[in-house]
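J.: Each chain, letter by letter, is given below.
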Amino acid sequence: MLNLSALLYVLLGLISAPLMLGVINRTKAICGGRTGQPLLQVYYDVVKLLRKDVVYSRTTTWIFRVGPMMALGGLITALLILPCGGAPAAFKFSGDFVLLFALIGIGRFFTILAALDTGSSFEGMGASRDALYSGLTEPVLFAVLITLARITGELSLSSVFANISPLLWSSSAAVLILVAVIIFVLLLTENSRIPVDDPNTHLELTMIHEVMVLDHSGPDFGFILFGSALKMWIFSALLIGAIMPVHTGNALIDGALFLGGMLLTAVTVGLVESTMARLRLLLVPRMLVGATAIAAVCIFLTLK
Amino acid sequence: MNDLIFVLLILTGFVFLGSGRLQFAIRTLALQGILLGLIPLLGNWQGLWGRVLSIATISLVIKGLVLPYFLTRAMHKSKVMHEDHPFVGFTASMLVGIICLGASFWLASRLPVIASMPSQIAVAVSFFYLFVGLFVIMSRRKALTQVLGYLVLENGAYIFGVAYAIEAPFLVELGVLLDVFVAVFVMGIIIFHISKSFDHIDTDQLSTLVG
Amino acid sequence: MNMILAALIVMLVGGFGALLVRSIPKIANSLGLGGAVIGAVAGIVGAISVLLSPHAVNSLRVPWSVPFGSFYLAVDSLSAFFLIPVFLLTGLAALYGAQYIWTPQFKPMIASHWAYYNLLAASIVMVLVARNGVLFLVAWELMALASFFLVTMEHDKVSVQRAGWIYLASTHIGTTVLFFFFILLGTKAGSLDFDRIAAAGTQIHPHATLLFILALIGFGSKAGIVPLHVWLPEAHPAAPSHVSALMSGIMIKTGIYGIIRALMWLGPPSVSWATTLIVIGCVSGILGVLLALVQHNLKRLLAYHSVENIGIIFLGLGIGVLGQATRLPVLVVMGYGGALLHTLNHAIFKGLLFLGAGSVLHGAGTLDLEQTGGLFRRMPWTGIAFLTGAIAICGLPPLNGFVSEFMIYFGAFHAIQSNAALSALPAVVAIISLAMIGGLAAACFTKAFGIVFLGEPRSLQAAQAHESGAWMRWPMAALALLCLIIGLSAPLIPAMLEPVVTEITGFSLSSLPNLSKQIQSPLSLVLVVSLIFGGLIGALAWFRFFRLRGKSKSQTVTWDCGYATPTSRMQYTASSFAQPLMALSVGSMLLKKHIIKPLGFFPEDGSFNSENPDFVEGRFWKPSFKGVEWFLLRFRWMQTGSIHLYILYITVTLITLLIWKLW
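Protein chains in written order, with the working numbering: chain R, 14 to 317; chain F, -6 to 204; chain X, 208 to 870.
Because the hints were derived from the structure by calculation, they are not lab data. Be careful, since some hints might not be right.
To spell it out: a stretch of chain F is covered by chain R in this simulated footprint if at least three of its residues, at any positions, have a beta carbon under 8 Å from a beta carbon of chain R; those stretches are [to be verified]:
hint : segment
1    : 2 to 15
2    : 77 to 87
3    : 91 to 101
For each label pair, taking beta carbons as the anchor points, the in silico distance ranges come out as [claimed, not checked]:
hint : chain 1 : residue 1 : chain 2 : residue 2 : range
4    : X       : F752      : F       : V89       : 53 to 59 Å
5    : F       : V106      : X       : S260      : 54 to 60 Å
6    : X       : A746      : F       : D77       : 52 to 58 Å
7    : R       : H215      : X       : W749      : 33 to 39 Å
8    : X       : R534      : F       : M74       : 55 to 61 Å
9    : X       : F752      : R       : I28       : 23 to 29 Å
10   : F       : Q16       : X       : A628      : 53 to 59 Å
11   : R       : A264      : X       : A628      : 35 to 41 Å
Computed from a prediction, not measured in an experiment: that's the story for all the values here. Think of the CB as a built atom: it goes at the ideal place given N, C-alpha and C, for glycine as much as any other residue.
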């Protein structure tokens, strides 16, 4: 079932995703008492990178050149399954969330391979950490989906989000709040934000995501930057979709509410990044197990 | 609304399992105490309001303020701030906590539900605290942490009492008395004396006292 | 049926014919290869024709003088479906093997190798078409023995000998349990013929639980579920690569076949059976992938992944059985369908991966991940084939692994949506396990592919690796292509599997048109989205090419943080890749460290050595066997070596039997 009106949201995502990163950076700057980068800085960066030359490592093979493309392609395709603003996504079917996360997964697979392709210990380090952490976040993601599927009784992401109503909130408020917290923690993990990873660090030994893409340059790196913006957009849309209690049916109002929610998410991420410190690397699995515990609580609450 | 408080209680239980910093654990216990003080006010009692209010205030004061104060003093006196090498690691403790939570929900489903319960999941939370408290006592080395575990165990018994308070109101008052007992006698005397007679309060080392 | 019989005969003739011309290796090789390939082609034609016309009668019954046995063969949809990967992999692995064993170390054994190989293939076919308990067990034992001789082909190596013994012991433990299974079944049903057993439902059902447990242990030991899996990581690395592909791809699937047959006989299942299957699947899957993550021998890693994928198949079977117990057709079709498809898929991509590993061994001379690296430049075809297999086994779109996992997820989510709490809990466990398995499998295969094929060579052997010959490359390419084709034909899968599912469970897709539509549209949309994904990659590639046209594309060293001479030893190794897992508490179960610390003010030498033993073997089987050995040693006094005493034993037994029977 192809919903053409959803393509507008896809276009909106492609255009405004980098703006979210800009809002996050501006929030961090304000909290730090600085003026900070222009809001549209990520756009300038992507365009600049697309115009640059490339430098490749002699060790790398065509997998290194293909990696950023696979990641970006997966994320853009995922936009077609992502419901925004309470409206159905472009493609809507039972079990579409499995495909959504699998598309993100194949992007991650190739990013890790590209990192190992360089033969550098730094990239290898980031790749191994990222591989393990994403292995630990997959079950939590699915636990959230199980909870949402059970309380709304629907199996397609679009239907699940459309069924989040004030009635549902009044009966399962605790569960929905916990679901929101878990999705937020996963957002921070998958997008390598504090407390999992510091996007501003310059020390290779402390990086996870940043170090995996250390050797990319030019258009490849532009793809990666744009891809990270899209990933932030996708996870924020998942968060907003899971908690938005109001669906008026009017496309404009719903759209405005959706964008407001995304803005709020970006500001919250910025605030979290400004107020928390990055966790010791050994404690990140503990935090992820904590998220698993919360997910287990959700499941037990909905199973009884 | 009631469910929210109990969910928050479950979360504090997991936080307690996963943290090695004693000051943080004591603060978590204080939060638990405040929430537990609020619980009696949630159920629908008929005609027991006077007792319920007094129990609520006493629990809140003792569990939320007095006990944490004493515990913090004990912590500073004995200079033990961290639980460093528990027998079961913190990540594994949280996984065990998940299993305990599942078991408690199953056990709770075998017991009858009565109308005056503050929430559907009250009994499950009480079993959960029981298991968490026992587990912490079994798997941690420092005496202070074990006292905290015992207090969590007791909180669990207290919740159980509140849930079935209509049937057996004395349970709740007995629970509060037990708390007072722990606060004054067990913790104050034993910890201070242990740290005075020995150089540290690793209960591990207590086993060297055996014949 | 006739084609399959013909296939059997051709394979056996080829194998024994090779033995006859033992002295001329070239003819022996061709004869054995020819027998296998022609048999495979005939067999596939036969199997597909049975699947296309499921109601035709396909059986052969020949009187046999063995008590309780009859030479009764039949091919129904279930057997036909399992026969397809058998013949496919036999043929392709034979093509690969013909060139693989044409090396000085294997040449003297070529003839006997082909004899055992064809015998193994023939016995697997026989297991799948046998319709009598005695015949089944004979074929089962032949399968075990033929594979034992193939596993111990390089019998001069101590590790291979040890692997052979462990394999032989495990398979015979399983066979013993199967003996009890068939004996119990036969006494209740009155006969060991499968059709009579299927008709004797009412006599069997009261003992269904005991039979189910026996079937799980007996067939499960062949399939490789935890804790009966310990032979897999020993036997598969010891065998030659194409034999490993055969064993891992199809021999362990006979265990799955056996369980499905048992389920067909044991009547309406209960939710507890479904829960058992799901728990077994969960434990095998997660333990399999955890143990795989820490291996640094490529074939051992792949063997543990077989354990994991058998776990996934069990999860699918569990969902299907849950559907039967709760009367939900969606679960039945998608659960059994997903499990069956995953059986086929696993045969294809695991076969592909083992052939790739053999290619690595052939080209670089080693299977130790720490000694390889950078092989992609020197062995591009093997690399692409292995990459395809890796993507498929991780369940990533658009390849076949994703389709089967999607089907199992679909079924499980429907269980959650519509069921009461106690029957939804197994589905929850299934989904969470599947998610965890998928995530960790991706971590493991990025490690395997990345360390072996990417980066810089870590040893001289790897730096001088050479690509395999054409006979070895074409089977890999064919299997890789099959992965893609099956992945892209997702919407057609339920229709293809319908005859098999109908036969197993009685639920027919065509009689439930709503269900058909409910299943069809998600799969079609999966295909559409996968195609869009492919198209997008193409568009991005074109865009990149367009942007980089006329720009300089220079090459330099990898970013080395200012160190002037990065070497290949500075790269991440396999053990370091798995280190974050080791740092967690579970890791201590999987790792044994031997550290000699340099102590003191003037430290002497220190050393660090770590190994990853299989803890199920170390903590469960070894102590059990030691216990049995201790117990049996108590009876040592009976063996004195004196002939007189032995004759006394015989006489006493004889007299006792006579008195007992003639009293």
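J.: Honestly, which of those hints from before does the structure not fit?
T.: Result: hint 10 breaks, nothing else.
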